[in-house]
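Engineer: Throw the hints in and build the complete structure from the sequences for me.
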Amino acid sequence: MNGLNSRALALIALRFAPLMLFVALCIVFGALSDRFLSLANFRNILAQSTHVAVMAIGMTFVLLVRGVDLSVGSVMYLVAVAMGLYLSGLPLALSIPAIVLIGAAFGAVNACFVTGLRIASFIVTLATLFIGRGFALYLSETKMVFQSDTVQTLGRSSFLAIPWAIWIAAAVACAAWVTLTQTPYGRQIYAVGADPDSAAKAGIRVQPIVFSVFCICGACAAIGALISVSQVGAAAATFGYQEEFPVIAAAVLGGTSLFGGRGGVFGSIFGAVLVQTTANGLVMLNADPYLYPLVNSLIIFIAAWVDGRRRLMTERIEQRKIRVEA
Amino acid sequence: MSDLLLKVAGLNKSFFGVQVLRDVGLELRRGTVLGLVGENGSGKSTTMNILGGVLTKDSGRVELAGEEVQPASSRDALALGIAFIHQELSLFPNLSVEENIFLDHFPKRGAGIPFIDRRRLRDQASKALELVDLKVSPTTPVMRLPQGERQLIEIAKALTRQARLIIFDEPTTSLTARETERLFEIIGRLRAQGISVIYISHILQDVMRLSDDIAVLRDGEVVGAGRREDFTVERLVTLMVGRSIDRLFPEREPSQGPGGAALSVRGLSQPGVVRDVSFELRRGEVLGVSGLMGSGRSELARILFGLDPYSEGEVRVAGERLPPLKPRLAMDRGVAFLTEDRRGEGLMMEASIADNIVLPSLVERSRGFIRWLDPAGLDQAARDMAERVRVNARAIDTAAARTLSGGNQQKVVIAKWLLRAPSIFILDEPTRGIDVGAKYEVYKIINTMVAGGAAILFISSEIEELIGMADRIMVMGRGEIRGFFERASFDRETLMSAALWQ
Amino acid sequence: MGGVLPASSGGALSRPMRLVRLVLFSDYLVLALTVLYVAALWFAVPEIISPTNLNDIFLQVLPLFVAAMGLMMVLLVAQIDLSATSIMAMSCVVGASIMTSQGGYLAGHALAPVAAVLAIVAIGLLIGVLNGVCTIVFDIPSFLVTLVTMMFFSGAAIWYTAAHTNSGSSIGALPSSFLAIGYGGIAGIPYAALITVGLAIIVHLMLTRTVFGRWVRAVGLNPSAAAISGVPVKRVVIGCFALSGLFAAFAAVIYTARLEAGTPILGQRILLDVIGAAVIGGVSLFGGKGSVIGVLIGVLFLSAVDNGLQLLGLSLSSVYAIKGGVILLAAVVDAIRHHLLARG
Amino acid sequence: MTITRREFSASVLAAAAAGTMPGAARAAEGGKTIALMFDAFDSDFWITGNTILKAKAKENGWTTLETISNRDQNKQNDQVKAMVERKVDGIIFIPTDNNAAIPAIRTANAANIPIIFFNRPPAPNDNKYVAIQADNRKIMQTTVTILVDLARKQGGKYKACLLMGDLGDNNAVQRRDGALDILDKNKDLVEIVSRVATEWNADKTFAGLTNAIQANPDINMLISPSDSEDTIIEQVLKTAGKWHKTGEDGHVMFAGFDGDQNGYRLLSTKYMDVNGVQNLFYEVDLAYGAFKDIWAGKQPDKMLIDPGFAISQATLESKRDDMWGYHVWKEKNK
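Chains as they are written, first to last, in the working numbering: chain A, 1 to 326; chain B, 1 to 502; chain C, 1 to 344; chain D, 1 to 334.
Derived from the structure by calculation, the hints contain no laboratory data.
Please note that a few of the clues may not be correct.
[To be verified] Okay, the calculated bits of chain C under chain B, using three or more residues with CB under 8 Å as the criterion: (1) 199-210; (2) 221-228.
[To be verified] A few chain D positions that, by computed beta-carbon distances, are all more than 10 Å from chain A: (3) ASN112; (4) LEU180; (5) ASP285; (6) GLY297; (7) LYS298; (8) SER318.
[Stated by the list, open to error] Simulated coverage check for chain A against chain B, where a stretch passes if three residues somewhere in it have a Cβ under 8 Å from a Cβ of chain B: (9) 170-183; (10) 188-194; (11) 200-211.
As the structure is a prediction and not an experimental result, all values here were calculated from the model.
The C-beta atom is built at its ideal place from N, Cα and C for all residues, glycine as well.
Structural biologist: Here it is as structure tokens:
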């Protein structure tokens, strides 16, 4: 028992390993650049990481049920195009719900193939990644799509000295947190992720839950697109290209497992911020741009390694299960 | 008669054209316990899965308190008040106790509000835990609890659903004697509250002790049902196997008596798994290993074959030391291991029978340093071996293992080891889930091997089987050896009590 | 065993059902589709069946085929390798930097091309092993491991190029003896083709005629059963990643010879083609199923689609959408297969 | 799937069109078919270039075929083969990689189809090709010169942020060097306090510039290598409260490049001070002129230079008709 508790402590320590990583980073950058450790700068870091953070939150839902969604980057572009070409006239009160619907609908398409035909979500979303971008390029004729002033204003205006992007992200984060921790639905997501078959036996409607998480992921991708596009004001044909990678990386960095059942909202936000902090710090140091991908990938690797260790520890701490007879 | 809660009649079910339930009928009165016994694969679980909504029946009628029901899912079953506590628990280690108990019916903050009412959740959970007198905080992650307590949580869960009928499938296999006692008390209390219980177990004494009524299944048919008083353990066994024990096992022509030590184990220990295990397995003998699930028997087998590590002690094969975690080396020394988890670890279900049979022997049958293979030769070898163990399948080299019946699948697993002509064969539950006929053939194969001077370590939870087959029986419990019994002194009760003894 | 399958009716299958299965299960389904596609385009662009164009398709297929075979190896053990294309990029720029006549390490040396090819292959092998070791030893899901190596080495390749050129996005001026791989050949058969065919035969024999091949399938179908049967599961998995890296490197050699330059964005965009080709070719993502012939057909299919779209001079959007649709289609067919199999 | 099916039918229709038209065109007297082979459409420059190329081809009664390689040089070289198959009479080529494009030249030479590199020259080699190229370095020099002169007139000291695009891209490097040539001569007036490699990526530009201003709040001069970044710059400066017209105090001296619609818009609204224009119309004329020469049997020079020009608020009226972005803008706002 005693040894078990000490293991549990080790587990908690591991849980916070990424945080230590973050603190270490800040110390390093702070030491090297006097401008790094300023409130304004952290506000920038937050503002710049919001769109990845929001999408990572959506991705967390999918990862929790052992899925993955590679198509978020395409959803991003599709939504940006829709915003610029068809919804520019509408007030935000209408256009935002509209794009969220578009995103959710796209997610629903993925979900149909995943739950309906039981195709691995990896391959389904790999294909819809293609199709989605193709369709969006078809709409935009690969031209640069400019955003309406309302959208652009949203991008640069702030409330209580905090950019709207951050408010939106915060709202999404709270909603997601409440859903995952305070509603039956949220807890059932964790159950499904831990073991779909037992979940079914325990009387949980597994397929609808899996379906819904893909919709949520799509919707979050749409919101992420809104934030990003409002910041940059226009969407080129490469908008959101390969965005799925930083998004998944952010979620995993935050301690969400690719094997389902473990992960959380704030972890994912944290992951996104961590990556952006690295980028920001490197700019502050006027570092060689070629270094960025190398440093980033190394940090992701460390986090992934910690995740692996943590999973091993969990398995050890868990009691030996009765062997399941198929 | 209004006090009849459950009435099952003419239940039929078949998989892939194989009929597993023939016209099964059961009756269960309110506030009583129905003991359901039968060999593995006799249709107990199938019947219960139909009641529990996991499977759907092909034909037949299920009546609950008078009206016909057919639960399409566990959900429906629960709604009807049927709770099914599976042998492998459906708990979620990453969730807390209270969340597991109320997973599918959380108390909400008033109607229409989707949020969980944490306070009520806690109160109700602790109440439920009191009912099964389990002293843990409702917020502890299930991950931290030992198997026995998880079992009780499942029961608490059933109770919170106001279940009218609770089905226990082999609930005691992983429980200590004390936990078992506690479980029996609780079942007694349930009965007193007018809740009906179906109790499935291999441990016939328990069934005799708990039940008001007993039903016996064999090969998918009810072969005996009635008041407990009408049965004795002996009668149950005879009904279960359809013949009296002595004719259940093939006669073994006495081999030239046990020879020297084939496998000798000294002070083998691995924290939390086995402690100070020492024994000798002699050539030409069958050493039976008895013990409950979690007693360390299967774990011991895995350690011996080099699949799991051990911290102290030594394993010697024919005098040579066998280092841990080297299955390949064990194989080269003539050790073979038949796993208890046929589907999970024994076979490649999607691969052909032939591919399965030759897998362990590839290296020996390859040529040159790039390990060249001769497919035709391999298929031939596989075919011969399949014939020897009488696998009946249309095409050995094309038919996937998945398409075979349990018995035939088991024969394939045996065949793949026989192809290596092992001198030491570790068999973990070799007859689990296969029908009587197939069992008989497996026994015959074992006998011929022994006659050929091979040494067999025979692990089984069916004591009759050990009594019938083994020369000696080693009883394990809590990872330790509880004692050895020579064939002369074989006796069900002693063995069982040895296994349960704290 | 993903989820609970609907309770199967069992019993014998109807004749039309059997027919459907016959079509679905034949390895040549995709080949038939390819022919169909070409025929469909023939009326629009007759050029598609001109000998020279068919020859072009054939040549385009080669490097993709090699890379896809490598990916098949990791898919066979139910893993994934996203870094294949970054391996190409990294190895080819290093190789180029060795032999380029513009200040290459061995500029002008007779054996420079040999050294370069060796370097390319070595790097591929190394990164492959790295992927395998991280997946097995550190117990990190291969999706993540190879995602990281993808980011890292594509970044490193760009950096390396910048460090080895004054202002250019690639390293050119490669010795003709190396470029010969691209256009030269024996009796009209390009060296690239000879290399590819050679590799294909080797892989095919390895999978069907050697212990390793059987082991790979066993690990893919059921790792624990394989382990209990004495298969060195970890070494097999690492081996597959190594092969994936190795074949990516071979593909890089062919690409570099054809492009006459080592460029860090080599293959950046074909990762999806590679995975898609393998999957369309009937390689299962759940491991254990896949064949060289299948992959070849898959690659042919994708290339034919590509080539057709090129001849049409279609917009990028159609190209994307059609390709995505094609991958999805293949996945759906694969899924239907699984369901029918589950029915037994 | 519905999308795909739709795209499929669409493609088949396009196929029919593409299949029949060339035939018709060949029948028509002097009708030629030329291939426009792009690598990606990620900035207005290429999209407009494409429109102008098509328009002027039509004027000449030529048919055009179009391909996009999506930055995959290997695929683009295959596309050249495909176009050779289609027996086009000329190829306009915008490669991704200056070395890896050489095999494409050889393919074209072998089929002896003239190949013209449009605004992205290949690495020097002795095959037959023509390269149209804006003199990025010189244009940027003139642009920055004007900017610096304006700055001098205003007086004061300047802290400049230099955006640099993708350093893997030759044009980006040329433009950076052009800017540096002038700025280094005026160290007394201008200090470069930060350099940002935007990699032609919106998010990176946004983050990079924001961080740069964060690091140096007193930046008051900005030099951008491409107008495709203008909207982002506008966003960032507005957010930082540094978006003011020329003359207003707090105005950031701003030089753009390319001469696209944003360039024109910002010049006319007096937020941008000067813009380096690549003369797209002229470049297209050069290219098509080269085609005609080659068909007529005379080989033009390998390198045809578009000197380009710089346009400032002062010269806007007089020069805007040569500024391609102006016409795009007019289209949009008429």
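Engineer: Confirm or reject each hint.
Structural biologist: Hint check results:
Here's how the segment 199-210 of chain C fares: 3 of its residues keep a CB closer than 8 Å to some CB of chain B, so the rule of at least three is met and the hint holds. With 7 residues bearing a CB less than 8 Å from a CB of chain B, the segment 221-228 of chain C meets the requirement of three and the coverage assertion stands. Once the 10 Å rule is applied to beta carbons, D:ASN112 is consistent with being away from chain A; the minimum gap is 32 Å. With a least beta-carbon separation of about 16 Å from chain A, D:LEU180 lies farther than 10 Å from that chain, consistent with its non-interface assignment.
Non-interface call for D:ASP285 relative to chain A: holds, since the shortest CB-CB distance, roughly 24 Å, exceeds 10 Å. Consistency note on D:GLY297: stated as away from chain A, and its beta-carbon is indeed over 10 Å from all of that chain's, at 37 Å minimum. Every beta carbon of chain A lies more than 10 Å from that of D:LYS298, the smallest distance being close to 36 Å; the non-interface claim holds. Residue placement check: D:SER318 keeps its beta carbon more than 10 Å from all beta carbons of chain A (closest about 28 Å).
As drawn, the segment 170-183 of chain A meets chain B at 3 residues by the rule of a beta-carbon pair under 8 Å; at three or more, the given contact holds. Residues of the segment 188-194 of chain A lying with their CB closer than 8 Å to a CB of chain B number 5, which satisfies the three-residue condition for coverage. Coverage of the segment 200-211 of chain A by chain B holds. Counting CB-CB distances below 8 Å, 6 residues qualify, and the rule asks for three or more.
No hint from the list above goes unmet by this structure.
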